[in-house]
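Model the full assembly from the supplied sequences, consistent with the hints where possible.
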Amino acid sequence: MKQKIKIGNFEAFCLLINLFCSKLILDFPRNVAEEAGTAAWIMVLLVSAAVFVIFIIIARIYKNFPQKDILDVAESGIGEAGKIIAGMLFMLQFLYLIPIVLREFAEDIKVVSLTTTPISIIIALFCIGMLTGAFLGIETLVRINAMAVPVLAAAFIFILLLSIPRFDLSKIAPWLGPGPLVIIKKAVPNISAYSELVALLFIIPFLNEKANYASIGKYAILVSGSFFTFSTLTYMLVYQYPMATEFFLPIYQLARSIRIGRFFSRIEAIFILVWASSAFLYLSSGLYFISYLFKKSFGLKTQKPLLIPFTILIFSIAMIPENLYTALQLELSYYRNYAWIITIIVPLFLLITASVRTKVERRNISNEADNK
Amino acid sequence: MKRIINKSMIFILMLLVFFSMSGCFDSIEVDEMAYVVSLGVDKGSGGNLILSFLIAVPISVGVGGEVGDVEKSTTIITVETPTIYGGVSIVDTLISKRINFSHAKLILISKELAQEGVEKYINAFIRFREFRPNIYIGISRGKAEEFLKAVKPVLEINPAKFFELFMVSYKYTGYSSKSELEHFYMNMECTCSQPVTALLDINELSDSSEFSRVLSGTDMDGKSTMEGNYKAGEIPIISDTKSSNMGLAAFRGDKMVGEMDGREALSYLIVTGQLGRVYYSLPDPEGSETYMPREFQGLVNEKYYVSLRLGMARKPTVKVSMNGDKPIIDVSVFLEGDILSIDSEQDYSSREELNKLERFVSDYIRRSVNDFLIKTRDEFKSDICGTGKPLKKTYIYWDDWMAFRWMDKYENAEFNVTAKVSIRRSGIVEKQVPLSHMKGKDK
Amino acid sequence: MPKLYRENYGKTYKMILFGGFSLKKSMSQRLKTIFLFSPKEPKDRFVLDGSSKDQDNKDSADTNDQSKQGEEVKDETRSGEDEKRFNRKANNEKRTGADGIKQPIPINEMNEKKRERKVNDTKALFIDTSLNANLDYIKARYNADINGDFKIREFKIIVMNKDYPVFVCFFDGMIDRLLVNMSIIQPLMTLSAMPVNMKDQTVRDVVYNHLIPQNQVKVCKTYQEIVDEVNFGGLGIFVDGLDVAFACDVKGWEHRNIEKPTSELNIRGPKESFNETNRMNTALLRKIIKDENLIVEDVLVGERSKTPCSMVYIKNIVNDSLVGEVRRRLKSIKTGYLRDSGELEQFLEDSTYLPAPQMLLTERPDRVASYLGEGRVGIIVHGSPFVIIAPVTLFNLIHSPEDYYLRYPYATLLRFIRILGVIFTLLLPSLYLAITNYHHEMLPTDLLLAIASAREKVPFPTVISIFIMEIAFELIREAGIRIPGPIGPTLSIVGALILGQAAVAANLVSPILIIIVAVTAIGSFSIPDFSLGYSFRALRFIYLLLAGFAGLLGITLGIFLHLLVLVHAKSFGVPFMAPFAPRTSGTRTNAILKTPLWKEEDRPDFVNPKDIKQQAHISRGWIKRGEGANANETEDKDR
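Protein chains in written order, with this note's numbering: chain V, -4 to 367; chain S, 58 to 500; chain B, 18 to 656.
Read the hints as simulated data drawn from the structure, not as lab findings. Just so you know, not all the hints are guaranteed correct.
Stated by the list, open to error - Pulled a few chain S residues facing chain V out of the computed Cβ check, cut under 8 Å:
id : residue
1  : Glu221
2  : Glu239
3  : Met243
4  : Trp455
Backbone N, C-alpha and C define an ideal beta-carbon position, used for all residues, glycine too.
What follows is the structure, given as structure tokens:
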């Protein structure tokens, strides 16, 4: 008997937390600082609140489709073609995102630690971890997430806490920075920070009986929202606004300059560990979802043979950007600006069409029954 | 079974290929690098720089039971170059090992260069990952090269340790300040605060007969010289260690605009709330029957001093209000102190007498802080104490704050300083019976 | 019929004996399965979930009833066959289980059948009524003329005034001579002459009921049965004219006494350890768990060695599907000789290539007892002082039995120290390598200069020197185990010289490296489980390679892959990293942190015990004011 995949509440929660928060380690605080100046943390808070509300709506509609993932919903809404189109759409967005994130992680490692190692070798190293993780399947992945994420989060919080002595409240003044209108305007594309939320909609059929996707999503958004807010806040409280836009690895910079006494001053090593582990978890989950979506859209029976081709594809795409700036730009100006349409709006649309259609069908059936 | 062997063989082969392809690019042994402990930057000819690398010599630092050789624990290489990293690669050709800055402790910039602006150098340091953000930065009043040559650690073998401890001595002397690269950079790029750095120089005295040459500083009364009224290089001190760290260099933007002596540095620490526990001497108020602060100067018995161990009781509060275009800056500081010594026979143990002493000390500190703030306004024209921060907090929009131009407004600022000092303890002596009491008193 | 004897060995024998009957009918089917491509055995990952539990319960209950019936009608061949059939039917039901599709017979079961058929000829041979025929057969079977320690004693007994020739056969040295003389031969020769009311009794009954004053006597119908008994220290009695023979349990070989544990030392707690005798080991367990629900289920493993192995479990705690799985795996093993539980472990484990042991081998009865109490299964192998416990998680392997006997704060501290030991063993050399070769800025400057100064005269890169020292250390450790006792001190002197002074003095390695290697070694000794220690020690070389290759990134990759593999692994269906991955519901008792003893209310729920509660919510009655006294009173009444 084939064992059924079972994912618990906490495991799914940790998976989402890592998917959301790994961008914190990259350039998230810097980007929001650039966009909303001293009020960056307010914008992050707004974005999180907005996503929370949107998710509640999604979860409300989703109640009509128990044990179905978003592709099944698309199928019941638009039909087979809808499932394939939706699947491809989601898969392509992952296939765009994962190589870029892979490239960024690799570039960062190259900048701060392995300066002369060719980028291809570093990317290949990440690919090994990514492939192995995806190969062992979603169950192993979420379990390792459940083990690692609390530790990583603790280390991360540790770095934030040690920065407290350097806080200066005047650094986040003037309070509203560029003004509320600008903040709201900039907040909309920043919803993309939560674009990995769509992953939750894929794993719904795997959740075990006790798990509740709505509360998983809510708590994940709450917790990662507070992570986003507090780390942005910490960063901004240590580095004031114009300067905050300079460092391309904000939290690394934060960790670098922590100094408590003569001895306790070089703790960025913890950060490298946190960083690389988070990257491995993120990338392998990403690769798994890419192959899963491909499998599910085309109704394939197995996905493991897909992994190696997709890894090679990701490796190749990751090698395309010529330099760090291009990679950053590919993420910032294209992905983060538009991803939210795919990952938040499209599911919402699919859900609405599907629920409308099922209602219509039900009414038709009842009408027919009445007619008879 | 065969399949398993084949598979594992392929896997091992792949690994081998992978490993040999990469070949540990970045791997470099500890003993293949030359660790720069301090980097001196001087002005060279024709816009060039003169870089001085103070490099640790690990063999002399020694290991385990072997005692290192203090004299040879460092070596200095000086090079003239247009850019900093150009200089590094020139030095690399000279010495056998690769220069590495990851354990550098001090960047020393000569005053001459600092007065022209240091932004481009600071940016170069900030961008390069080998320089740690909390590397110390100092301004040498003379040539940086000379200073580094004069550095002869006596109490320790490890030169890096020397700088680490040397640069944080302000925590118990109060004559300098936190002076780290990132902190400096942050203040340099700040809209409401300006940077300072430690002021370093060489003491060239070799005999105590030369002391009169340097007794230049005076206290605020214009007559006496307290222990902090010196700048680095002008201290009447003779030691094997020629380097000295006293006073601060004030900056406006990236340009050095003035120097402060030790006492002013102490005022800086008081206003910015960085004061640790320091020894602080001041004239003994004994002899003045009526306590009149302003008219005090003539009455003070200059032979007598009171020494306190001074520290912050609370963080200073700075409030700024605008009177038209004129900022009015209220600074109130609250310090506490323990009595270390009292020269006079005055007994301060009674409540009234202690109050008197407290009032005297408070006023003394108030005046010195006030003088210091006025100096920053008039001489430096630079808000090194970051008094603009509270004002910044009252703004809501970034553009408004930028349009306000705090830096220009500071030149017109008015200061209201209030100081409070409370004497908490008196050492292990509660009350001193003066020698004159032993002689017996007339009835 | 003596109960104990039958319970222990009878069932197994019967199954081997009667296995052939039912199989002949399906000859054509079996031929088909032999010549056609047999489907790859589906790896039966059994799930410990609620749905299958009930059904399994039913199954096992049925089997149990059946076996009771089997006991009653033991002597009749037919019923035995029925039982066998029934068991197979039950097995089939189990296999077809949830999805209702009949699946092909697993290859191992098929092999078993094949094997049974092969040895069928000797097995099915019945004992002859003629004593001479029996004697000839036995002599031939045992090669009595060349087999020095095989003894046959012929004599006569008198039953109802009639002489019956008798012979007994046994292995000298395997039996208790005095017992044989006094309690078997003497009664047979003398008691038979005593006037007892023997009317209406057959010869067989007289012999069985009156003449063999032995507690374990088995009536055998085939030669195979009696041969198996004699091979394992029994005594065979053949009487002329009977178509049965009697096998008496007179085992009396030399064995080690119960000694202190040698590999799992402790200061507090019991100091007995298992030895090589199966029954003595089971008795040690029974001594601790005085519970009739403690089942000792015997299985023979090994075609030639016929090593008696016993599955032990507490029936009303352990999950039935777990017992079923262990039984299934045990019975499917087809090997010639099984000497030790270490071999059995390799036959039973889920994954051969996993870098961690998936079973716990312990020589401490108290430890086995406590694990049985948690709902796990133990496997005792005759001839091995180590008992296998399954399933286990990684965290069980870093626990020490002493944890339970020490007070909570100390035990928690010890756990932390042990985890530190694990981390040191795995990562310390590689971290040192990564930091000194890649991340120089992480070292405090003083240390960095000291390392640089110490390394100045060392000709090798750090990687090479670490490998040299680690390999030297492994050599010393290996030699230390293999070295004959009297030469031992020499080794320690040489080892100390190599690892200590000489290497530094010769500038082969830097002194700091010696510290690293030494701490690593000490760390590896703090891992309580021998096998896990090996695993980590081997893996540290891989970590070293990775660190030498990419510094901290390499180490992170190593940790990630290592964790992935461990999380993916299963020990008898229980996730190896439980209760952390997956996070099991319920209290997380005793994984990393020790919990106070009174708080350990639940058994670990990842082994799905039938009864999750280990102790009452308030296990210390006295903490409830007033009730403590009452409790005492009731106890007094009970007395």
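message: Take the shortest C-beta to C-beta distance between S:Glu239 and chain V; is it under 8 Å?
response: With a closest approach of 5 Å, the S:Glu239 hint holds.
- prompt: Once the shortest beta carbon distance from S:Met243 to chain V is found, is it less than 8 Å?
  reply: 6 Å, holds
- request: Mind checking the CB of S:Glu221 against every CB in chain V and telling me if the closest is under 8 Å?
  value: 6 Å, holds
- prompt: With a cut-off of 8 Å, does the beta carbon of S:Trp455 approach a beta carbon of chain V closely enough for the hint to hold?
  reply: With a closest approach of 5 Å, the S:Trp455 hint holds.
In terms of the numbered hints stated before, the structure departs from none.
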